[in-house]
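With the hints as your guide, set chain B onto chain A.
Protein sequences appear in the order of chains A and B. Reminder that position 21 of the first sequence reads as 21 in this note's numbering, one-by-one numbering, no gaps. Reminder that position 285 of the second sequence reads as 285 in this note's numbering, one-by-one numbering, no gaps.
It is worth saying that the hints were derived from the structure and are not from the lab. Everything numeric in this text was worked out from a predicted model, so none of it was measured. Certain hints may be false.
[Unchecked claim] Derived pair list, reagent style BS3-like, types lysine-lysine, alpha-carbon separation capped at 30 Å:
1. K216/B with K230/B
2. K98/B with K44/A
3. K314/B with K302/B
4. K95/A with K98/B
5. K113/B with K42/A
6. K326/B with K302/B
[Unchecked claim] Among chain B residues calculated to face chain A with C-beta under 10 Å, some are:
7. Y44
8. T50
9. S104
10. K105
11. F106
12. F111
13. I121
14. G124
15. T158
16. N161
17. S181
18. I283
19. N290
20. Y316
21. I327
22. T330
A virtual CB, placed ideally from N, CA and C, is assigned to each residue, including glycine.
Next come the chains, spelled out residue by residue.
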Amino acid sequence: MKTLKKVSAKQTTKLVTFVLFLTLLFSGVQTNAQILVKGVVKGKTATETEVLNGANIYLKGTAIGTSSNKKGEFTFPRKLKIGDVLVFTYLGYEKKFVKINNDATNLAITLLEDANEMLGALNTNKRFKSKRKQGN
Amino acid sequence: MQKRHLILCLLFSVIGFAQQADFKEIDFSKADYIAEKVKVKRLYNLNKLTFNLTQNLPTDVEKVRAIYMWICTNIANDFHLFALNDRKRNKYAQDSIKLVNWNSKFKKKLFKKLLKRKKTICTGYAYLFKEMCNFAGIESKMVNGFGRTSAVDFSKLTMPNHTWNIVKLRNKWYLCDPTWSAGISLPQNGKFQFSYNNGYFLTEPKLFFQNHFPLKKEYALLGSKTPSFKTFTELPLLYGDAFKYIKTSPFPLKMYHQIKRDTIISFKYLLKENSTPKKIKFIVNNGNSNIEAKPATISLKKNELTLQHLFTKKGYFDLHLFFDDKIIATYIFDVKK
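Same shape as in the complex, but just chain A (with noise of 0.2 Å):
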């Protein structure tokens, strides 16, 4: 009880300034933004499509962001306004670029698959020999 007695008149002013000040905060975000953005994302290949594990979803230009679950599906972790653009990547796949309007409460993405080879050349010390012909 000693901790109640400590909260003086002054604080208790200081508390509900800081709680009215947050509430007037929230409220002006939610005018401004309001749009929980859910969704799934898939992968279409030349052959199958198929949802991705572990794509990136972040709001342009920030470090704000997410990534997709095994069923490919994602809930951005901010609520986003009208015009935000949301970027969705994942390694393979050409990179999309999603604007965000009323509808965008539930979307479906598809990547494209891109046109790069994939490629692997060991790194090795092996010490080269010279094919040698016959008789050399």
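Then chain B, alone, in the frame of chain A:
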């Protein structure tokens, strides 16, 4: 007009020797420390990973360094995937539709494995590097082309076999190869060994070209001086460790030489700062046995190392150069009477 050209040429020759030295004033220890501390089990959240690696670093080159270092010390080269792809690509080499379908199927498999198990092959490294740079707001591209190692036989190689990157810093493009910086593959037992090689990070373009021929010539960053593919395949063979010691290797310019007995052969290398080898030797192979030979002369002026060797017998020889018992380069000498 001519004067202007001259100035431009001078400017380019100066730039040509800069590269990692362009960032001499920057200490990479903070970037390297962050790369060492950041650990993730899976790569499902690349933008968050990139953010964690780069948020506390002030310059773009440090951000690139942290990303590069993280990839090179966390992503393993998957020998089985490599072998599988190699086999199929050769099998479908004459059938473009099957090749495209294989590539598409393989790509999916590759990236799933990369995100889940942190294992991949070259193109996976290059994709990851490019993507993470882009997350950090830095421009980077993948470069497909021909990578040259002792295991590559150009008489059989018809398609590109390797992917690396270029990255834009302070408005200028630089070269790097995360796959070959990460470590060494041991095909004998299908294993990969992490062993960071700083020689492939922001490498001097002339040196990088020794074992990287890009399909798009401009990505060699050598401008109009880019040599032809034929010239590329005839260059001396350099190994990964060469990139730790050498800035450029002015001569010999070719791997194969036909010479007469008792001719003195000279070798010249410009060494990087603080990387003078303590021990230098040749190993000469005549097809049956290896003979160790000390260079006939060794001279070191500032960072310019010149070696000489004398062939006294006729024969067909592979000559390997070693610095501190690490293989650096191979040359072939067909010695006639």
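query = So which hints don't hold here, by number, going up?
reply = 3 and 15
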